[in-house]
Every structure is written in C-alpha cells, then in structure tokens.
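Mind docking chain B on chain A? Use the hints.
Number of protein chains: 2
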Amino acid sequence: MRQAGRYLPEYCAVRAKHDFLTLCKTPELAAEVSIQPVELIDVDACIIFSDILVVPEAMGMELVMEEGNGGPRFPHPLRSRADIDALKVPDPNRELKFVMEALRLTRKQLNGRVPLIGFAGSPWTLATYMVEGKGSRSFRHIKELIYNNPKDAHALLEKLARSVASYLNAQIEAGAQAIQIFDTWGGILPQEEFREFSLRSINLVIQLLRRNNVPVILFCKDCGHSLEAIADLRPDVVSLDWTVDIGRARDMVGSYVALQGNMDPALLYASPERIRTAVQKILEKFGKGSGHIFNLGHGILPDVPVEHAKAFVQAVKNESPKYHR
Amino acid sequence: MRQAGRYLPEYCAVRAKHDFLTLCKTPELAAEVSIQPVELIDVDACIIFSDILVVPEAMGMELVMEEGNGGPRFPHPLRSRADIDALKVPDPNRELKFVMEALRLTRKQLNGRVPLIGFAGSPWTLATYMVEGKGSRSFRHIKELIYNNPKDAHALLEKLARSVASYLNAQIEAGAQAIQIFDTWGGILPQEEFREFSLRSINLVIQLLRRNNVPVILFCKDCGHSLEAIADLRPDVVSLDWTVDIGRARDMVGSYVALQGNMDPALLYASPERIRTAVQKILEKFGKGSGHIFNLGHGILPDVPVEHAKAFVQAVKNESPKYHR
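Top to bottom, those sequences are chains A and B.
Note that the first sequence covers residues 5 to 329 in our numbering.
Note that the second sequence covers residues 5 to 329 in our numbering.
For reference, chain A alone in the conformation it holds in the complex (with noise of 0.2 Å):
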C-alpha cells in the first residue's frame, strides 16, 4: 500500500520544491521518496513511489494534476469508440522509462535491506478514471459506457490489460521483487459487472504476466463479495480492505492464496496503545501459521501522526512472531 506521503515531514520536504508529477517523473525523487517510510517507520518492505495513471498517459492521454483538493484530472475523457481506438499500447521502456530507472535506483539504493515492491492500476480501475476525466460520485460516464456499449468497454479494457501487463512485465525486468494490481473501482459495480469487467481484464494481466518466482498481489477495495472470485485468478496474494473479516477469509480462500492486510488505516489515528490492541487481535483473526502479509487495508491516511505509524510497524515485528512460527 502507498506508504511515502504528507504524513512524513521529510516527505513534504521534497514535495514543497516539485510538483507530484516530476517527483514520479524524476528516478532520483521518486527513490528518494520511495525510501523515506523504510528508513523512517521501518517498514520491511518498499513500495515504489509513483501513480497509476502515468499509464494512461502513456497511452496518450493528457493528464493534469491539479493542486490543492482537486486531484488527477484527464481534460479530455475517453467519449466515444474513436477516442478508445486512439488510445496505443505504450512501449513502457520508452514512454515509462523514468519508473523502471526509478525501480533501478531504487533498488540500488536499497542495497538488500527489503524487497522493491512495483505496481498499476486494474485496467477497470484505469478506465474509470479515462472515461470519468475526474473524480466522480455517480460514474455516469463509465457506466453508461458499459451498460450501454459493453463491446467497446471490452476494447478500452483489452488495451488496458495488454498496457499494464506489458508495463509490469517490464517492472520486473527492472527489479521489481513483487508487484500489486490496484482495483480501486471494483466496489462501484454490481457484482456480476465486476466480474465481467474488473476481474475479467485482471485475468489477462495475471495470464499476460512473465511471473518468474515474482509474487503478485491483487487489492480489489470494496469488493470482500467476491472473494472466492478474486482468489480463483490466482495471484499469490490477496490484499484485503478493513471490511473483510480476515479469519473468514483465509477460511475461504487460504489454503490456495496468501493474505494480506487488513487493519482499518484510520486506526492510525487512534493512540499507539489502541494501535497495538488492534494489531494483535487482526493476528489473533488470521491464526496460526504462515500466509500473512501484516498491513493496512489501504494506503497509509494524510495527517496520521509519524509515531503512530511507526508504533504500529513496532507493534507488528512485536506481536506477530508467534502466530508465524
């Protein structure tokens, strides 16, 4: 989950001299950045700092981010077939270059001490985004996209899947030791749509993927109805929201896929005693035994005081060796 951010003092720092786009664009800031939550909260693994819609501006999308409360922002939304047969399925070690240097680097610089975790956007979560141009309470647009021409959903979707599993690919061509697939948007559809238009494009990502002994996360938020679904694609891992109830999904689905997750982030805001209490009682859910990627349920929360992160990194290295032995 995203771990860098305005929470960390030193984060704000780099952020105060270049805007969000040229810390992505920019290897030597984004493995600055990617590096400070390792060395700051010891986290024991590192997340590659970056965006998932770098992707669908690659594609040839032109991608704007708005400061202040106003987030990313596509000035010209997917509308039409035409716009979605324009979209082209990036070279990522051309047009995405500066992630995979920044993978490079940061890997380098990490120098052994934890793993270098990659990741994208699920091709549904991206064409939400591209068809949407901005932030949306009703997804008109992309629903009406696939309510009513689900044909050319299946195209957008199919691009998408080939674009993201080819930049993956390339992720771990350049280092990286795992890699997530972010659904941020699944939760929106009715289920029988999301499998249909999420899970269906993750399939091809997952089957495009050259894998080689890299584990793959899957994170699908709001979407714990499907759990059975989301496992039988078969990454390695499935991430969990605060939602789910972490016991009864490894009841479902873990013998065959790892867990990972899936404590409130918001509980970051409570005190450093509260964190602990909540710590063991998601270990005490999950059980004995090995399967568990201790986390939160999604990325780490604006204004989360930097001691209560780093009492609940403590809290798990603490609380969790005798459940994983």
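Check the hints yourself; a few may be wrong.
Note that the list lumps identical chains together, so a pair holds whenever it fits in one copy or between two copies.
[To be verified] Straight-line distance between alpha carbons at most 25 Å, and here's what the computed DSS-like set of lysine-lysine pairs gives:
1. K155 <-> K285
2. K292 <-> K326
3. K138 <-> K225
4. K225 <-> K163
5. K289 <-> K314
6. K321 <-> K289
7. K101 <-> K112
8. K285 <-> K326
9. K163 <-> K138
10. K289 <-> K326
Derived by calculation from the structure, the hints in this document are not laboratory data.
Treat the numbers as computed from the prediction; the structure is a model and nothing was measured.
For chain B alone, coordinates are given in the frame of chain A:
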C-alpha cells in the same frame, strides 16, 4: 429512496425560487416536491421530501447548506464530550414540527393514491456528519472518537437513537405509512465496529418504535457483509444496495424479512431497453413469490433523463406481476 430531485424540471423550477432548507421547512413546498415523482414518473409510493440532517439541527447544531457542490455542513462539529453533552433530545412536534406538517399535508394531498413513507438517518450516520462537520474521505474525527473514546461515542449514539426514535414515532403519528432508516456510513467501518457502533444503536431505535403495523425498512449501504446481522434486528424490510446479489440475500434472510432493491441507480443512464433487461434480471434473481419491493439500490441520481426514470417504473410494473402472483 430519494425520488424527488434535480433530474425533474418541475423540481428545479421550485428549487430555483427557494433554497434547499427552505424546501424542507415549508410544508407546502415539501409536499409539492414529494408528490412530483408520483405524478411525473408514476412510482407506487411517495417518500417525504426532507433531509436526515434536520435532526442534528433540532438537537442544537447549526446546519448550513452550501449551494453548488458544497453540500451540507456543520460549522461547529462535535469534538468533545462537552459538545455531546450539550445536545438535547428534541421534541419532534416542536423543533421538527415542519416535517410533521409536511407529512400531514402530503398525506392529505395524496388522498390515498399511494402510501407515504417517512424516514430518518441512522444514529451512526448522523454522528458521522455531526463529528466530521462536512464531507470526508478519511473520516478521521469520527474514527478517532470510536477508537480512542468508545464511551463518548456510545453516549452520542444513544442520544441520537432516542432522538431518531421519537422523531420516527412522531412521523408515524403524523401519517407516515412506512418508515425507512438510512445508514449511509455503516460501510466505512470494519465488521465488528459496524455491529458495535451502527447496528447496536439502530437496534435501540427499532426497540423504541411504536410500530403499530407501520413497516420498518432498514437500509445499510455498503454493508452486504453483515446481511444476517442486519436482518436479525427484525425490521420488516431490508433494503439492499446494488453490490448485493438479491438471490443470495433471499436465500439467507428472505424467510423472515422482505427485501427492497436493488438495481444500480446508474442503470438509469442506460437506454430504456437496457433498463428493461436489468429489471428482468433482478426479478429473475429474486424469483417467484412475495416479499420483494422493487427499487433502485440508492437514491435517484442527478441528470437521469426523466424518460428513463419513467421507463424504469413502467418496466417494473409490466414485468413484475408474473413473479409475484
């Protein structure tokens, strides 16, 4: 679910002359916009036009509705035990008299054409707004409250449960023929906290109701993971959002509660033909027999073409009789 709104030109015409809270607080205007969907799109029940946040306002909080995209806002959110203790349990026939008058007037103007539904927000949902003060993505403040000070949270939720129950009892006395409890924010919680902070206080509301054969509908958005716990509170009807499979829900709890729902509201952006197919699929999933109130899985969205809303209602009326005979 919310039926009146910006998709209706007739609603926009009234709204152009009065702000949102004036509509809520002027019984003649509230009755007028409540009845519009009955006359314009031919729905077979009428839900009173109001807002869940009139209850916190009646408890003593200043409520501001910002025009544009701002939405409702409490300029002085609850941030301490003293803030919570300062809230009063309102007398609904005094501080919320305008709702009772709107119900009486609407009931009179409906003149038996269709039944009239009253509603309230769940204690947890109201607490979330009252503590955050405005929209939130992290829900930092309400989560700090429950994780750090659960006793204070329960004090607030109990006061809210008593306020909501007396408000709903007054609505029943004023002529509401069914009531719905909306838990919009239960889904931001882990399952255990959902039971402890949301369901427990909804249970108190239901226990305090003088139901007098008035059906109670309970809608917990994004809480499909806890369907059995929701049904165990014994409302008459459990309302489902569109991420739940209504066939499986019927198998689980359909023998002791009726089900309402659960079409994706965004389907009203699709073509009338596509809407009809979606209606058929949901009817097919629920299957034959009684105990299904066909509805959207949430309120009607802005910008839905009126013709599509009409086509939806017509499709339900045409297609459902063969299932429910």
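Check your understanding: Hints broken by the structure, by number, lowest first?
Key -> none
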